[in-house]
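A.B. asks: Listed below, chain by chain, are the residues.
There are 4 protein chains.
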Amino acid sequence: MSNNDSLASITDQMREFTRVRDWHQFHDPKSLLLALVGEIGELSELLQWIPAQEASELAQQEPLNHRLGEEMSDVLLYLVRLADVCGVDLGQAVNEKLTANEQRFPVSDVHGVAPLKE
Amino acid sequence: MSNNDSLASITDQMREFTRVRDWHQFHDPKSLLLALVGEIGELSELLQWIPAQEASELAQQEPLNHRLGEEMSDVLLYLVRLADVCGVDLGQAVNEKLTANEQRFPVSDVHGVAPLKE
Amino acid sequence: MSNNDSLASITDQMREFTRVRDWHQFHDPKSLLLALVGEIGELSELLQWIPAQEASELAQQEPLNHRLGEEMSDVLLYLVRLADVCGVDLGQAVNEKLTANEQRFPVSDVHGVAPLKE
Amino acid sequence: MSNNDSLASITDQMREFTRVRDWHQFHDPKSLLLALVGEIGELSELLQWIPAQEASELAQQEPLNHRLGEEMSDVLLYLVRLADVCGVDLGQAVNEKLTANEQRFPVSDVHGVAPLKE
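Chains as they are written, first to last, in this note's numbering: chain A, 1 to 118; chain B, 1001 to 1118; chain C, 2001 to 2118; chain D, 3001 to 3118.
Take these hints with a grain of salt, some might be off.
In silico lysine to aspartate or glutamate, EDC-like type, Cα no more than 16 angstroms apart, as pairs [stated by the list, open to error]:
# : chain 1 : residue 1 : chain 2 : residue 2
1 : A       : K97       : B       : D1022
2 : D       : K3097     : C       : E2070
3 : B       : K1097     : A       : D12
4 : D       : K3097     : C       : E2016
5 : C       : K2097     : D       : D3012
6 : D       : K3097     : C       : E2057
7 : A       : K97       : B       : D1089
8 : B       : K1097     : A       : D89
Under 7 angstroms between C-beta atoms, here's a sample of chain A residues computed to sit facing chain C [said to hold, decoys possible]:
#  : residue
9  : F17
10 : V37
11 : A52
These are calculated hints, taken from the structure and not from any lab test.
Every value quoted in this text rests on a predicted model; they were computed, and no experiment measured them.
Glycine is no exception: its CB is placed at the ideal position from the N, C-alpha and C atoms.
Given the sequences, and given the hints that come with them, work out the whole structure.
C.D. replies: The following block contains the structure:
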């Protein structure tokens, strides 16, 4: 697995990518979040008209699979960049969240039941 | 650095978290993408009314910093889950994207210039 | 039909709602757009785990129908407010867009075919 | 003001636009919501890198003003379409929401204070 599988490594690479381009001036939290929303929109456009029951199968076939990977990567790269400028250790935050979710959703309580929002 | 810093590890943990709760039935691509959008919305609500020029500083202070970490984690967890059900190796996709971005945005061409969309 | 069915009327009411609360100071385009994203997120949370094939029917039943109306209204109110601060006549813009879409998507070309993004 | 300023008129035009193209088959709530997210993303891409303090002024200048109107229109058209397939009377829902907001945010309580989410 490449170093890019590590959030810390991706964070470092994005920080350097930004630094050498002098793009840090554009990377305030609200701007990065809007850029993240833009990528979420591109990801949505890839799936919006695909019938829900066919989406899983089609998503694993080309050319869609590769396009999904590209847009998911853009989402992750802006998310990692946003976390960095906000001083958030994303790896640690995810670690805490995974632990919290285990306690918040006991298997015995939510087995087979979607936690619907109201 | 915890194992949760690895996308592969986070992917495995989310897959197991879903399996033991029998939530896989709800995790089709379009549903997971809408769940991801829901978390992006919660992240936006944390920053929306903060003056842009104060956002970076406030984002690094509590209680905002911790809340941002929680919502960013939710975004990442659904993104990782979405990639998994779509058969996308997110670590590899990010690796390819970082390489592509280096070629797409030569430092000499874009130094200090934001790539505005039209 | 109430005056609120008119975009111009909704725009005026939101402008006055904002003015009397002295909230204009918070209503810059990027902040309003993030607030709009926040409401899109709340709308998504209402539909995310509902099976696609049941969504149309469930959306027309209570309590979901009323909740959807509330969140769709929040989306529209922030959109109208965003258009106002950007100096966009939303009614006129929609008029032009509807005309453009008729020409962009000739019935003979797209009948029964979803315009998939690539 | 054109008929398109009326939500009911826009709803009718979008319903007919969809019917003659036999696109109703694609317009389930979750798909329309993802299409709406796609347009929100395009709107975000127009503003993401613009300095917040310059956004209001630049948004009122061409070519940005026209582009914003186009994307805001796409957002509104999909929102109106989504409301229609969900059996939501958007004009009535907005009417109720505006009344509820007046009561929820008394001027004396929130004057000059942004209602921050936590």
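A.B. asks: Given a cut of 7 angstroms on the nearest C-beta pair, is the interface hint for A:V37 held or broken against chain C?
C.D. replies: holds (5 angstroms)
A.B. asks: Would the pair B:K1097 and A:D89 pass a check requiring their Cα atoms to be no farther apart than 16 angstroms?
C.D. replies: violated (22 angstroms)
A.B. asks: Starting from B:K1097, check that the Cα of A:D12 is at most 16 angstroms away, please.
C.D. replies: Since the Cα atoms of B:K1097 and A:D12 sit roughly 15 angstroms apart, the hinted pair holds (cutoff 16 angstroms).
A.B. asks: Holds or violated: A:K97 with B:D1089, Cα cutoff 16 angstroms?
C.D. replies: Violated, at about 22 angstroms.
A.B. asks: Take a quick look at whether D:K3097 and C:E2070 sit within 16 angstroms of each other, Cα to Cα.
C.D. replies: holds (7 angstroms)
A.B. asks: What's the verdict on A:K97 and B:D1022, does the C-alpha distance respect the 16 angstroms limit or exceed it?
C.D. replies: violated (20 angstroms)
A.B. asks: Given the hint that C:K2097 pairs with D:D3012, does the C-alpha gap stay at or below 16 angstroms?
C.D. replies: holds (15 angstroms)
A.B. asks: Taking the closest Cβ pair, is A:A52 under 7 angstroms from chain C?
C.D. replies: holds (3 angstroms)
A.B. asks: Between D:K3097 and C:E2016, does the CA-CA distance stay at or below 16 angstroms?
C.D. replies: Distance ~15 angstroms between D:K3097 and C:E2016 Cα, so the pair holds.
A.B. asks: Quick check on the hint: A:F17 CB to chain C CB, less than 7 angstroms?
C.D. replies: Given a least distance of 23 angstroms, the restraint on A:F17 is violated.
A.B. asks: Within 16 angstroms, alpha carbon to alpha carbon, are D:K3097 and C:E2057?
C.D. replies: Roughly 24 angstroms separates the two Cα atoms, so the pair is violated.
In this structure, the earlier hints numbered 1, 6, 7, 8 and 9 are contradicted, and the remaining ones agree with it.
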